[in-house]
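Protein chains in written order, with this note's numbering: chain A, 1 to 107; chain B, 1 to 218.
Hints listed in this document are in silico derivations from the structure and should not be mistaken for laboratory results. It is possible that part of the hints are untrue.
Residues on chain A that point at chain B, a partial pick, calculated with CB under 10 Å [claimed, not checked]:
#1 Gly16
#2 Phe17
#3 Pro30
#4 Leu31
#5 Gly34
#6 Ala60
#7 Lys61
#8 Asn69
#9 Ser79
#10 Asn83
#11 Arg88
#12 Val95
#13 Ile103
Ideal Cβ positions, reconstructed from N, Cα and C, are used throughout, including at glycine.
So you can see what is in the structure, the chains are spelled out below.
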Amino acid sequence: MVKNIAVIGDSESIKGFGAVGIDMFICDEPLESGNLFKRIAETDDYAIIYMTEELFELSAKERHKFADNAIPAVIPIPSAQGNRGIGRKRLSKFVEQAVGSDILFGN
Amino acid sequence: MAVMNVNPTRMQMTKLKKQLQIARRGHKMLKDKRDELMRQFIELVKENKKLREKVEAQLEECNNHFINASAVMNKKALDSSLMSSKHQTGVEVDGKNIMSVDVPLFSQVQEDNDGGSPYGFAFTSFELDDAVTELNKVLPDLIKLAETEKSCELMAAEIERTRRRVNSLEHVMIPRYEETIKYIAMKLEENDRSSRTRLMKVKDMLLEKAHGYSMHNS
């Protein structure tokens, strides 16, 4: 089954992705990101949805519903404003959830 | 630990003993599952960490290229050259089962891609070419990252669930069964003793009544 890849972010951060064949969903209004994500995730056309870290955080509630499904995989990526370390924090959260304490990042 | 609310009968005890055996076996199996999941999770999460660091560094590089490109080109021309891409990148979705956790496997499928640039070179800067080539290079890693990160997410949730089950069996269910079985055994012994003494007493009384004779010469 072949599915597409989507990216959600502000126009500044994601404009390049269109050139490599990823579907862009520009979201310059951060508060709209949740709704936009929901719409995209519910179409079931996308296997991977990349989101800029800012929007990733804001749409936590909407993402929660899809957390137990194998697809779509929702992955935070740094935006043009720089890396805020949310992806890394997410990883250490996984380790903490599984192991009980963060043994990987050592804090 | 609370004793279960059951009738202290022999049948109930047999039933509980069977349940205890099942609980012990389940506990052992779940513990094995947890350990194996944990081993694989740690491996995966280490890979994930490396991959994320790499991808984030590469994306930052891309962004720098784009910033440079937008500095030398006007916004409209830049946007239109990026929008005019024909090809579509997709992923073939497959699944793998790691210890009963269904994790996705993604492999990149690119249609209509002759390796060429999505736009003409005439009115664009070389910075833009760099940015797009760079982004094309990141793409496989980006997809791999999605795969491992989703797997980590699913496995972390499964490990947490399994650990809860193991703990609940180990610290609640099994002690409760043991306690209840002990309680029933004691109760049965107690009944046994009380009926025995009653019988002895009755025998004494009967003997005394019939022969004026007492077994225990008191």
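Hints and how they fare:
At its closest, the beta carbon of A/Gly16 sits 5 Å from a beta carbon of chain B; the interface hint therefore holds under the 10 Å criterion. For A/Phe17, the shortest C-beta to C-beta distance to chain B is roughly 7 Å, which falls under 10 Å, so the interface hint holds. Residue-level restraint check for A/Pro30 is violated (minimum Cβ-Cβ distance to chain B is 19 Å; threshold 10 Å). With a cut of 10 Å, the hint placing A/Leu31 at the interface with chain B is violated, because the nearest CB-to-CB distance is about 24 Å.
Restraint check, A/Gly34 versus chain B: the minimum CB separation of about 19 Å is more than 10 Å; hint violated. Contact between A/Ala60 and chain B, as hinted, is not supported at the beta carbon level, the nearest pair being about 13 Å apart and thus beyond 10 Å. The restraint placing A/Lys61 at the interface with chain B is violated, with a minimum CB-CB distance near 16 Å, outside the 10 Å limit. With a least beta-carbon distance of about 9 Å to chain B, the hint placing A/Asn69 at the interface is held under the 10 Å criterion.
A hinted interface residue such as A/Ser79 counts as satisfied when its beta carbon comes closer than 10 Å to some beta carbon of chain B; here the least separation is about 8 Å, so the hint holds. Interface restraint check for A/Asn83: the shortest CB-CB distance to chain B comes to about 6 Å, inside 10 Å, so the restraint holds. Using the Cβ-Cβ criterion of 10 Å, the hint placing A/Arg88 at the interface with chain B is satisfied: the shortest such distance is roughly 7 Å. A least Cβ separation of about 6 Å between A/Val95 and chain B falls short of the 10 Å threshold, and the interface hint therefore holds.
A cut of 10 Å between beta carbons decides the hint on A/Ile103: the least distance to chain B is about 8 Å, and the hint holds.
Hints 3, 4, 5, 6, 7 from the list above are not met by this structure, while the remaining hints are.
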